[in-house]
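**Q** Spelled out, the chains give:
Number of protein chains: 2
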Amino acid sequence: MLEVDCPCVTPEVVLKASGHVDKFTDLMVKDEKTGTCYRADHLLKDHCKDKLEKDLAMSADKAAEFKHILAVLDDLSAEELGAKIKEYGIVAPDTKNPLSDPYPFNLMFQTSIGPSGVSPGYMRPETAQGIFVNFKDLYYYNGNKLPFAAAQIGQAFRNEISPRQGLLRVREFTLAEIEHFVDPDDKSHPKYSEVEKLEFLMFPRDLQMSGQSAKRLCLGEAVSKGIVNNQTLAYFIGRVYLFLTRLGIDEERLRFRQHLPNEMAHYAADCWDAEIESSYGWIECVGIADRSAYDLRAHTDKSGVALVAQEKFAEPKEVEKLVITPIKKELGLAFKGNQKMVVEALEAMSEKEAMDMKSVLETKGEVEFEVCTLEKTVTITKKMVTISKEKKKEHQRVFTPSVIEPSFGIGRIIYCLYEHSFYMRPSKAGDEQLNVFRFPPLVAPIKCTVFPLVQNAQYEQVAKNISRSLTAAGISNKKDITGTSIGKRYARTDELGVPFAVTVDSTSSVTIRERDSKDQIRVSIDEVAAVVKEVSEGRATWADILKKYPAHTSASADE
Amino acid sequence: MLEVDCPCVTPEVVLKASGHVDKFTDLMVKDEKTGTCYRADHLLKDHCKDKLEKDLAMSADKAAEFKHILAVLDDLSAEELGAKIKEYGIVAPDTKNPLSDPYPFNLMFQTSIGPSGVSPGYMRPETAQGIFVNFKDLYYYNGNKLPFAAAQIGQAFRNEISPRQGLLRVREFTLAEIEHFVDPDDKSHPKYSEVEKLEFLMFPRDLQMSGQSAKRLCLGEAVSKGIVNNQTLAYFIGRVYLFLTRLGIDEERLRFRQHLPNEMAHYAADCWDAEIESSYGWIECVGIADRSAYDLRAHTDKSGVALVAQEKFAEPKEVEKLVITPIKKELGLAFKGNQKMVVEALEAMSEKEAMDMKSVLETKGEVEFEVCTLEKTVTITKKMVTISKEKKKEHQRVFTPSVIEPSFGIGRIIYCLYEHSFYMRPSKAGDEQLNVFRFPPLVAPIKCTVFPLVQNAQYEQVAKNISRSLTAAGISNKKDITGTSIGKRYARTDELGVPFAVTVDSTSSVTIRERDSKDQIRVSIDEVAAVVKEVSEGRATWADILKKYPAHTSASADE
Numbered sequence: 008m009l010e011v012d013c014p015c016v017t018p019e020v021v022l023k024a025s026g027h028v029d030k031f032t033d034l035m036v037k038d039e040k041t042g043t044c045y046r047a048d049h050l051l052k053d054h055c056k057d058k059l060e061k062d063l064a065m066s067a068d069k070a071a072e073f074k075h076i077l078a079v080l081d082d083l084s085a086e087e088l089g090a091k092i093k094e095y096g097i098v099a100p101d102t103k104n105p106l107s108d109p110y111p112f113n114l115m116f117q118t119s120i121g122p123s124g125v126s127p128g129y130m131r132p133e134t135a136q137g138i139f140v141n142f143k144d145l146y147y148y149n150g151n152k153l154p155f156a157a158a159q160i161g162q163a164f165r166n167e168i169s170p171r172q173g174l175l176r177v178r179e180f181t182l183a184e185i186e187h188f189v190d191p192d193d194k195s196h197p198k199y200s201e202v203e204k205l206e207f208l209m210f211p212r213d214l215q216m217s218g219q220s221a222k223r224l225c226l227g228e229a230v231s232k233g234i235v236n237n238q239t240l241a242y243f244i245g246r247v248y249l250f251l252t253r254l255g256i257d258e259e260r261l262r263f264r265q266h267l268p269n270e271m272a273h274y275a276a277d278c279w280d281a282e283i284e285s286s287y288g289w290i291e292c293v294g295i296a297d298r299s300a301y302d303l304r305a306h307t308d309k310s311g312v313a314l315v316a317q318e319k320f321a322e323p324k325e326v327e328k329l330v331i332t333p334i335k336k337e338l339g340l341a342f343k344g345n346q347k348m349v350v351e352a353l354e355a356m357s358e359k360e361a362m363d364m365k366s367v368l369e370t371k372g373e374v375e376f377e378v379c380t381l382e383k384t385v386t387i388t389k390k391m392v393t394i395s396k397e398k399k400k401e402h403q404r405v406f407t408p409s410v411i412e413p414s415f416g417i418g419r420i421i422y423c424l425y426e427h428s429f430y431m432r433p434s435k436a437g438d439e440q441l442n443v444f445r446f447p448p449l450v451a452p453i454k455c456t457v458f459p460l461v462q463n464a465q466y467e468q469v470a471k472n473i474s475r476s477l478t479a480a481g482i483s484n485k486k487d488i489t490g491t492s493i494g495k496r497y498a499r500t501d502e503l504g505v506p507f508a509v510t511v512d513s514t515s516s517v518t519i520r521e522r523d524s525k526d527q528i529r530v531s532i533d534e535v536a537a538v539v540k541e542v543s544e545g546r547a548t549w550a551d552i553l554k555k556y557p558a559h560t561s562a563s564a565d566e
Numbered sequence: 008m009l010e011v012d013c014p015c016v017t018p019e020v021v022l023k024a025s026g027h028v029d030k031f032t033d034l035m036v037k038d039e040k041t042g043t044c045y046r047a048d049h050l051l052k053d054h055c056k057d058k059l060e061k062d063l064a065m066s067a068d069k070a071a072e073f074k075h076i077l078a079v080l081d082d083l084s085a086e087e088l089g090a091k092i093k094e095y096g097i098v099a100p101d102t103k104n105p106l107s108d109p110y111p112f113n114l115m116f117q118t119s120i121g122p123s124g125v126s127p128g129y130m131r132p133e134t135a136q137g138i139f140v141n142f143k144d145l146y147y148y149n150g151n152k153l154p155f156a157a158a159q160i161g162q163a164f165r166n167e168i169s170p171r172q173g174l175l176r177v178r179e180f181t182l183a184e185i186e187h188f189v190d191p192d193d194k195s196h197p198k199y200s201e202v203e204k205l206e207f208l209m210f211p212r213d214l215q216m217s218g219q220s221a222k223r224l225c226l227g228e229a230v231s232k233g234i235v236n237n238q239t240l241a242y243f244i245g246r247v248y249l250f251l252t253r254l255g256i257d258e259e260r261l262r263f264r265q266h267l268p269n270e271m272a273h274y275a276a277d278c279w280d281a282e283i284e285s286s287y288g289w290i291e292c293v294g295i296a297d298r299s300a301y302d303l304r305a306h307t308d309k310s311g312v313a314l315v316a317q318e319k320f321a322e323p324k325e326v327e328k329l330v331i332t333p334i335k336k337e338l339g340l341a342f343k344g345n346q347k348m349v350v351e352a353l354e355a356m357s358e359k360e361a362m363d364m365k366s367v368l369e370t371k372g373e374v375e376f377e378v379c380t381l382e383k384t385v386t387i388t389k390k391m392v393t394i395s396k397e398k399k400k401e402h403q404r405v406f407t408p409s410v411i412e413p414s415f416g417i418g419r420i421i422y423c424l425y426e427h428s429f430y431m432r433p434s435k436a437g438d439e440q441l442n443v444f445r446f447p448p449l450v451a452p453i454k455c456t457v458f459p460l461v462q463n464a465q466y467e468q469v470a471k472n473i474s475r476s477l478t479a480a481g482i483s484n485k486k487d488i489t490g491t492s493i494g495k496r497y498a499r500t501d502e503l504g505v506p507f508a509v510t511v512d513s514t515s516s517v518t519i520r521e522r523d524s525k526d527q528i529r530v531s532i533d534e535v536a537a538v539v540k541e542v543s544e545g546r547a548t549w550a551d552i553l554k555k556y557p558a559h560t561s562a563s564a565d566e
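Going down the list, the protein sequences come from chains A and B. For our numbering, count along the first sequence from 1 and bump the result up by 7. For our numbering, count along the second sequence from 1 and bump the result up by 7.
These aren't lab readings, by the way, just hints derived from the structure by calculation. Any given hint might turn out to be false.
Intra- or inter-copy, both count: the list cannot distinguish identical chains.
What the hints assert, rightly or not - Taking lysine-lysine pairs in the DSSO-like style, the calculated list, with each CA pair at most 30 Å apart, reads:
1) Lys471 - Lys319
2) Lys143 - Lys540
3) Lys143 - Lys485
4) Lys383 - Lys143
5) Lys319 - Lys343
6) Lys383 - Lys400
7) Lys40 - Lys232
8) Lys486 - Lys194
9) Lys540 - Lys485
10) Lys371 - Lys58
11) Lys61 - Lys390
12) Lys324 - Lys555
13) Lys540 - Lys555
14) Lys485 - Lys198
15) Lys389 - Lys56
16) Lys40 - Lys383
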């Protein structure tokens, strides 16, 4: 996988091509007196939910109406939203003032590039576009071979109208995106077999539409039944599942939800969101979409640079090709100044249109033909054009690759990881609850704490040496040489989610304590760094380590 | 060192406090007909240099004048620059049109936060401010102890008027900054002894002013002679030297240049730039500045939140404290509605102002006192205020920390590293030059290539297994299973700067070739990953490896 690092400030032309300048909008209403802005759909959603919860005398018809609105909320146009807001008398939540009609607000931060003020730019709303515009170089770097992927991690910016949900919806966030380019005629994946046996909670379209909940499904079966569109999409769904659960996301609170037809961009072949359950509900944390050839085509059209791939045939293939030859002399006589536009319209015909015209011309000798650029219909006669199919030898096939995109909202994943990793346990004294983060060793920002059991110069020196050997081995660690009780120091380290604590209670061997089990083993000082490294990097489990080293039991140590 | 990740989009108030909104400008002139913009100082600089180079008949006086302008260019005001541009008849370089007067252009990319249009924001021009505004939390996280440092790496944005010098001056770039907070009364550094014996090219102020060149100096001596202001600043200079040379920067083309008084911000105590020589000349790649307490004070003033540190005394200290007690009743009688402003002005007096007032009041009974907020002078009598010094026991000292900042322009360093790492050597055939990047193993993006000597299924399987074992060991690697000659494949891998190439020429042992010496050793297949890992991670040198494994000599292999 290639990694790239593209700029955040993006010239307007790129985001014009991608569609963001015209379509990356939310509908907004303004408090007509104070000018405060609100998302129109949020206000309507809150109103419907509120009524459904509190108005117990509501008729069944009315309740069905509110439920219907909640279901189709994303599909409502500005006019429809505005009409509903008027109908229900929704006013500004803070002031009760009347609201403006909804109108689109572009969510990109706008700026100006250079001093002249004539080059508008935007802060990228996603990192993907930087990869698409660099497709030619990336394809070349990969030896002009498909499939290949490029990845990027960096900041993305969305000027939300009214951010909600704490850290989950912010105006600047870290996005990690993979764009996997693939032949649209062959979406198999060489490593598919590594994920096809995985089973986890999936929430396909039909389960959602029939009001059921997510079900444990086998990924390979979902592909063979056509629930997941193709192998490559499934491969990334599987890898996202493995990634998130390895981070420490609870697999019972992780589901893959397929987009409903009304959620999906018109060009997308299929799209699944990895949703994680948190105190805010089910949160979209990773989107895995088959964006088809849409993006590369859009940039090709706008830039005039063909973002395409070639497949060289082992042997030349014979193909039938449509050949349209306008007879310019005849067309000139018939259409004079309009000749050029008629010629272009004839040449632009699709295969079906051309073959239809050919058959009409052969039977009737003439045909009515609509020339859009002239805004009228003209009569084309047999003399004015020849249409044929010719056999040609082709040595290669040129096509626009499809792109399959897993897109990771890093901040949201980390937030959910905090929720899923946090637990409380009673202290030994039983009078208070102690906070623990159960971060897996691979994820924990600090892998190990080192402290002397009691304050004394010898033990402190040993602690210092161990800390240094851990640092040299690349293991992040923290010394605690305060005189606080050992129990309190363990509690502190648990609260930071540090998986291992080394306690120096002699000058030859020390104990290593695991955070969640509170098990302790005894290890000679020389071995500490190697043992902690092995288990921190996931090359051994704590269970493996427990078998190899003697357990240490202490009457007083752990609270 | 703590690491933080602050947003790029920054509210105006933060950059107002830091001074960037008012002062982060360059002087610009416009082509009066086309509107094209130029940096005023660049045009004047180009004019003077051009004249000095080309006008061989120039008088000595005139030459001295141009040289003087080049020396003081950074100090010229808009008026002075404009006058010189007029005097020399400088016109727009592309069109020869007349130019506007110079005026300041703010280099920050401006945007608007949220939908209302009333919250201006800017893309951060440096990452440092994010650390300063979070000082309180960082200090707390560090157990309210100094010194400590916070670091940040991320994008910075400067809307350059007319970027030049290819990749060296771009509008968006990666900046890595460390803010080391320290007691202004004690700028020693605990690890200073690790760097004080280093010797490298330094270019202190006095050598620059007297027209000499940079000299090899011992860092410790530079500190003891007062050339470098303090130990902490020197510690970071030393670490920057070690960092850059370890990356592969040629130490003969690296110098540390001290800022001249006219280059340095007025608040800075001392500032040194690590400059690297490239084809563009000496390029500033790292700035190492003692910014004193300026930034924390500026944010304290603007926000009203005290960004300070405390030093607890082992024993309480007796100190004399100024006590100003306005007698509100008397002031109310005299000043009525203005009483509050007079009270505030009295309380805001410095120690000197208060003691001066005290002595006048004692001798004359009254004093004229200017109240800025009233824009007038009032008469204060003896009855209206008491001023005294009282002895108090203090348990702690409260102060604003100084900050010492190494700031790394990552893109510039990487660009210079390319230049310093690139060399050409004749091919074996002697008919062409082969390109090589001599990236040290630690830095090379790809550590190892693996290829079968000849195309055959067995060797390819071995190559695949070795590649997999390297990946498992965390060593980035690339397979080359094309049928290209072995010499060409070595040349390819050299051009990418890959330090080691594994060639499979049997199913039991393989050769490892080092890029620059072209030495080869023979290693059993099981050991390959461990050997490459050791030398890639810098735990062994190639010389160490050569001693341990048998050399392999091949008649035909290397071009």
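**Q** Decide, hint by hint, whether the structure agrees.
**A** Hint check results:
no.: 1; hint: Lys471 - Lys319; in the structure: between (62 Å within a copy, 26 Å between copies)
no.: 2; hint: Lys143 - Lys540; in the structure: neither (42 Å within a copy, 33 Å between copies)
no.: 3; hint: Lys143 - Lys485; in the structure: between (47 Å within a copy, 21 Å between copies)
no.: 4; hint: Lys383 - Lys143; in the structure: neither (38 Å within a copy, 71 Å between copies)
no.: 5; hint: Lys319 - Lys343; in the structure: neither (43 Å within a copy, 93 Å between copies)
no.: 6; hint: Lys383 - Lys400; in the structure: neither (38 Å within a copy, 95 Å between copies)
no.: 7; hint: Lys40 - Lys232; in the structure: neither (56 Å within a copy, 68 Å between copies)
no.: 8; hint: Lys486 - Lys194; in the structure: between (51 Å within a copy, 24 Å between copies)
no.: 9; hint: Lys540 - Lys485; in the structure: both (15 Å within a copy, 27 Å between copies)
no.: 10; hint: Lys371 - Lys58; in the structure: neither (66 Å within a copy, 77 Å between copies)
no.: 11; hint: Lys61 - Lys390; in the structure: neither (76 Å within a copy, 67 Å between copies)
no.: 12; hint: Lys324 - Lys555; in the structure: neither (64 Å within a copy, 56 Å between copies)
no.: 13; hint: Lys540 - Lys555; in the structure: both (15 Å within a copy, 26 Å between copies)
no.: 14; hint: Lys485 - Lys198; in the structure: between (40 Å within a copy, 18 Å between copies)
no.: 15; hint: Lys389 - Lys56; in the structure: neither (66 Å within a copy, 69 Å between copies)
no.: 16; hint: Lys40 - Lys383; in the structure: neither (50 Å within a copy, 41 Å between copies)
Against the hints set out earlier in the document, violations occur for numbers 2, 4, 5, 6, 7, 10, 11, 12, 15, 16.
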